[in-house]
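Residue numbers (my numbering), protein chains in the order written: chain A, 1 to 78; chain B, 1001 to 1800.
It is possible that part of the hints are untrue.
Distance condition first, Cα-Cα at most 25 angstroms in a straight line; then the derived PhoX-like pairs of lysine-lysine [to be verified]:
1) B:K1082 to A:K61
2) A:K38 to B:K1057
3) B:K1516 to B:K1530
4) A:K61 to B:K1139
5) B:K1113 to A:K44
6) A:K38 to A:K60
7) A:K71 to A:K60
8) B:K1082 to B:K1323
9) B:K1139 to A:K71
10) A:K60 to B:K1113
11) A:K67 to B:K1113
12) A:K59 to B:K1082
13) B:K1490 to B:K1171
14) B:K1349 to B:K1391
15) A:K60 to B:K1128
16) B:K1052 to B:K1128
17) B:K1500 to B:K1490
18) B:K1168 to A:K38
19) B:K1113 to A:K71
20) A:K59 to B:K1139
21) B:K1082 to A:K71
22) B:K1171 to A:K38
Not close to chain A: a few residues of chain B, all C-beta gaps over 10 angstroms, as computed [claimed, not checked]:
23) Y1234
24) L1264
25) K1318
26) A1435
27) R1485
28) E1522
29) E1613
30) A1752
31) I1760
32) N1789
Computed footprint of chain B on chain A, listed as stretches where at least three residues anywhere in the stretch have a Cβ under 8 angstroms from a Cβ of chain B [said to hold, decoys possible]:
33) 3 to 10
34) 14 to 21
35) 25 to 32
36) 37 to 43
37) 53 to 66
Source of the hints: derived by calculation from the structure; they are not laboratory data. For each residue, glycine too, the CB sits at the ideal point set by N, CA and C.
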Amino acid sequence: MSSGIVAMMLGASLFLGGIALVAFLWGLRSGQFDDEEKFLNAVKFDNEDDLQSAVEAQKKKEELLMKKRAKKEQYKPE
Amino acid sequence: MSDKEKVACDHCHLEFSKDVMIKDGEHYFCCNGCQGVYHLLSDEGLDSFYEKTKGVKLSPPTKQYEDSKNFDSPAFYDKFVKTDENGFSRVALVIEGIHCSACVWLNEKALQKMDGVIEANINYTNNKAIVVWDDDIVKLSQIVDMIRAIGYNAFPYDPSIQESRANKERKDYYLRMAVAIFATMNVMWVAVAQYAGYFTGIKQDMKTILNIAEWVLATPVLFYSGWIFFRGAYYGIKTKTVNMDILVATGATLTYIYSIYITLTESGEAYFDSVSMIITFVLIGKFLEVLSKKSVADALDIMGKDIPNEVQVLREGKIVPVKLADVQVGDVIVVTSGQKVLFDGEIIKGEGCFDESSLTGESEPICKQEGDNVISGTLSIDADVQVRATKDFEHSTLAHLTNLLEESLSKKPRIQQMANKLSEYFSITILTLSAVTFLAWLWLGHDFERSFMVAISVIVIACPCALALATPVATLVGLGIAARRGILFKEAAQLETMAKADTLLLDKTGTLTLGKPEVVQEKKYKEYDKNVLASLTKLSNHPVSKGVFNYLDLDDFHEVCFDSFKQHPAMGIEAYVGKRRYLGGNAKLLKYFGIDVAYESDRTLFFFAVDDEVVAVFELEDPLKPDAKQSIEAIKKRGIEPVILTGDHKNIALKVANELGIRRVYYELTPEHKAAFVEDMHKQNHIVVMVGDGINDILALSQADIGIVMGSGSDIAIEVGDVVLLDDRLTSLVESFQIAATSYRLIKENLALSLVYNAITIPLAMAGYVIPLVAAISMSLSSLLVVGNSIRIKFTWRRG
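Assemble the whole structure, with the sequences as input and the hints as a guide.
Spelled out as structure tokens, the structure:
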């Protein structure tokens, strides 16, 4: 086996492993594993409605944030 | 279909017979509350909640809530509501009534549906919720109303900064460990190829590729995961102490630099695997320590939890709410039944009974009238009084107690851990030896590279892995054994402290005794109807009444309906059936009604009189816990001196001490006395374990080296305590001493093991006989040895 192939294989597998690691770190950081009960139960409550309401909640948050920002701009003293 | 048939309520799923249920179309409800919630959920489109509960029984919603408008008061916002960087409000709530994951789902969804609510996140495990909302659109009171409307209740709490900081630290460790473990595992695979190549021959270009792969993997381990050690080393240097972090940081960095040099020059062996292994192992050891640390601030939180921000003050004939800090000496404060007294003062109007257990530990209510002093921190049981404040809040007994607690928590002695002491010497020795080795090899005429490698092998082989794991693994095993027996140690380090303790202070009521008086003797003067007496005693919640009721233990008990009855606080009960008067209570009650009693006893007495004639006398005693005597003996055998500290009277204290064979007894003590006693013991260089259960013990508990609390004790005591005995038994106390001693022995064994290992290998390394490969292998071996030894204890514990 040439050393080039070994290098490629090493690189590819480390890259794939790295993606998994980053995904795990992201989950950890965003608090998805903070509450293990809820984490496990989330599987049960994972239908389209729940997905829909999660999206709506996200939208609502952004909207409110925009409004708040807009207001702040207005109040800004010259 | 008969009406007696049982049906389940469509909301709470509790079953009742059909005739008492509210029929609503096809649905049945047990109460209006359930009906209301059911319709609300249907209207809101949240009725899939019932699919999710799958018949879990809920508690029906209750209606006894204080006005939710309180939640909008500025004082409340001041205390609990924080504004985040986007200008949104944020509050932490404890949700009451959560039974299942569907409840969590429902609360989250209901809140998220509200206008202006941005985030609602509920933790299933502790029922704590974080709610974020825009205060311009919706008010907190509306949010709380929503939670109540769907059948739950919410209380705010102050998420102590400490708590979240501890969580943050933990999360930080998780992240660093995830990276370290991932990288180390992969480095190991590459290292397998390296070692195989080392023995069977490998081409240099292949070796370089493997080295580079290891280099890539070891870098984040050293600089991200190992950052903690660099930070620790920095602080160590700043405070001029050599700690383990310095050893780990220098060892790993030197090896790393050396390995890079090897990789680039394509000569010799690189040791990136050692770098990542050292960091990973020691990081895990450190994490285990962090995991078992408790935060001190929680206790103060609980203390402040039920202190409101405002009191009702009478000003110019009107009752107005005034902030605590604004109340002045001389203000008249209105205290109603069930409220906590927040100011020391004198009663100027009204009378009633107070629960002073927070100060004395005894649950007997104390009755007061005009002219008597009330003390802050006590609880009004049935008193509606006006109190003229004699001190402002800052100087009140309650504030004083809180301050004392704060002080004693921060003053808590920390016995320096053996492993910490040891690792300091160890680190200095290794670093010196390594430097000496390097210089000696140079001086003996070897080239720089060879000398450097030998010096590094000294550090690598002295790898602190085993040493770093010795204590955490041993204590973790100890904690595990203890937890399975219902003994919760809040911090691992306490095992060592407890093993060194030589004095045991015991509270009496609730610790040595059951805290529930029992009838030990009955003297009957005349036959009487036991049903009447049982019904009479059932009217009162006083422990003595309960004791008599339990003693009667009637199989065919049917409650007698009294035409009228009256409670005489601290005396007893008066009740009538027709013209017939029944009296049940102590001698004072009988005297009050002009009945003469000539019955003498050391014990608590309960008289029962029918139409002013005493028909029976019961003698009650707070019995010792059944395992008290044998436990005290076992503790004495361990060379620990037991001492009783009680707020109770001399006679009772001495009697208990005699029965248990305890020579030192101190009685009629206030909480401050108890704490002062602990301090005295400290001055005499004793290591003190204090066992208690009540609020009156918390000062002493927090000041003792180890505070042990009974699981049935008050919340605040459990927060302050270091060890909680869940089953309240004194045999658990003995066991906790045993477990502490065993774990301590284990720590010593482990440390000895790792030191012996080092004593053998370090001279070899200095002489240049150990190549880093062998060092790396033996490093894992020594760690395994230590872990193995610790696990052994799990199987041999029974004998210990």
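- Message: I'd like to know which numbered hints this structure contradicts. Please list them from smallest to largest.
- Response: none
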